[in-house]
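Residues per chain, in single letters:
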Amino acid sequence: QKEVEQNSGPLSVPEGAIASLNCTYSDRGSQSFFWYRQYSGKSPELIMSIYSNGDKEDGRFTAQLNKASQYVSLLIRDSQPSDSATYLCAALQGAQKLVFGQGTRLTINP
Amino acid sequence: GAVVSQHPSWVICKSGTSVKIECRSLDFQATTMFWYRQFPKQSLMLMATSNEGSKATYEQGVEKDKFLINHASLTLSTLTVTSAHPEDSSFYICSAGTSRREAFFGQGTRLTVV
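Keeping their order, the protein sequence lines are chains B and D.
Per the numbering used here, the first sequence starts with residue 1, numbered consecutively.
Per the numbering used here, the second sequence starts with residue 1, numbered consecutively.
These are computed hints drawn from the structure, not numbers from a lab.
What you are looking at is a predicted structure, and each value in this text was computed from that prediction instead of being measured.
Mixed in with the good hints, there may be bad ones.
Stated by the list, open to error - Calculated cross-link-like contacts (lysine to any residue; reagent style SDA-like; alpha-carbon spacing at most 20 angstroms): (1) B:Lys42 - D:Leu74; (2) D:Lys20 - D:Gln42; (3) D:Lys41 - B:Gly9; (4) D:Lys20 - D:Ser90.
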């Protein structure tokens with residue numbers, strides 16, 4: 001079992017709809033979780049961090065964390081073509097080590 | 001977010017030569033920097049973790065004599081790929097950790113060994 005798992009996609013969503021990205025992790029000791037967006041040929045960009053159970057909203061993005069289920073998700077409301085990218089989920093192991101999922105490729109269709 | 005600058009953004013080198021990649025945190029001090037490698041359509045694979053003033057910690061399967069990491073100051077870490085070969089061609093990315101455990105990435109370096 002991979003430490004952080006994501007559906008690799010591709011996930012296609014019509015413009016204006018809600019895109020839902022999911023991630024599960026295996027290390028119950030992980031307390032901090034992050035979502036990164038990576039455009040093709042570019043390095044990842046931090047979108048959201050979440051540390052507590054529940055929802056965290058920032059603009060069109062909402063991160064959700066359920067530690068009991070070891071599940072993290074990212075919702076993108078009012079999806080735009082510019083949101084088309086690969087989204088990486090990451091969990092912090094120990095004090096420093098970030099473990100990444102394989103990424104979900106998201107395409108927003110105009 | 002914090003700014004991390006990585007240079008060069010791309011490099012082409014001959015097989016057998018060495019290449020140095022620099023990673024700088026511009027507006028914060030990074031006690032810890034991370035080096036990743038990413039092959040096409042794959043996720044980031046952590047190569048090593050470097051702490052300022054001490055030896056880097058390498059992940060299993062990463063040759064420490066081939067990938068030399070130096071973290072001489074709180075704002076600069078370097079990765080040197082020694083005796084590069086075509087199979088070392090990849091996208092190398094550094095990141096610097098903040099006190100909130102968030103990681104900010106440099107722009108990445110695309111290395112092509114011919």
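Pair hint D:Lys41 and B:Gly9, alpha-carbon separation not exceeding 20 angstroms
holds (12 angstroms)
Holds or violated: D:Lys20 and D:Ser90, Cα atoms, limit 20 angstroms.
holds (14 angstroms)
If you draw a straight line from the CA of D:Lys20 to the CA of D:Gln42, is it 20 angstroms or shorter?
Violated, because 23 angstroms separates the two Cα atoms, which is more than 20 angstroms.
Holds or violated: B:Lys42 to D:Leu74, with C-alpha atoms at most 20 angstroms apart:
violated (25 angstroms)
Hints 1 and 2 from the earlier list are contradicted by this structure; the remaining hints agree with it.
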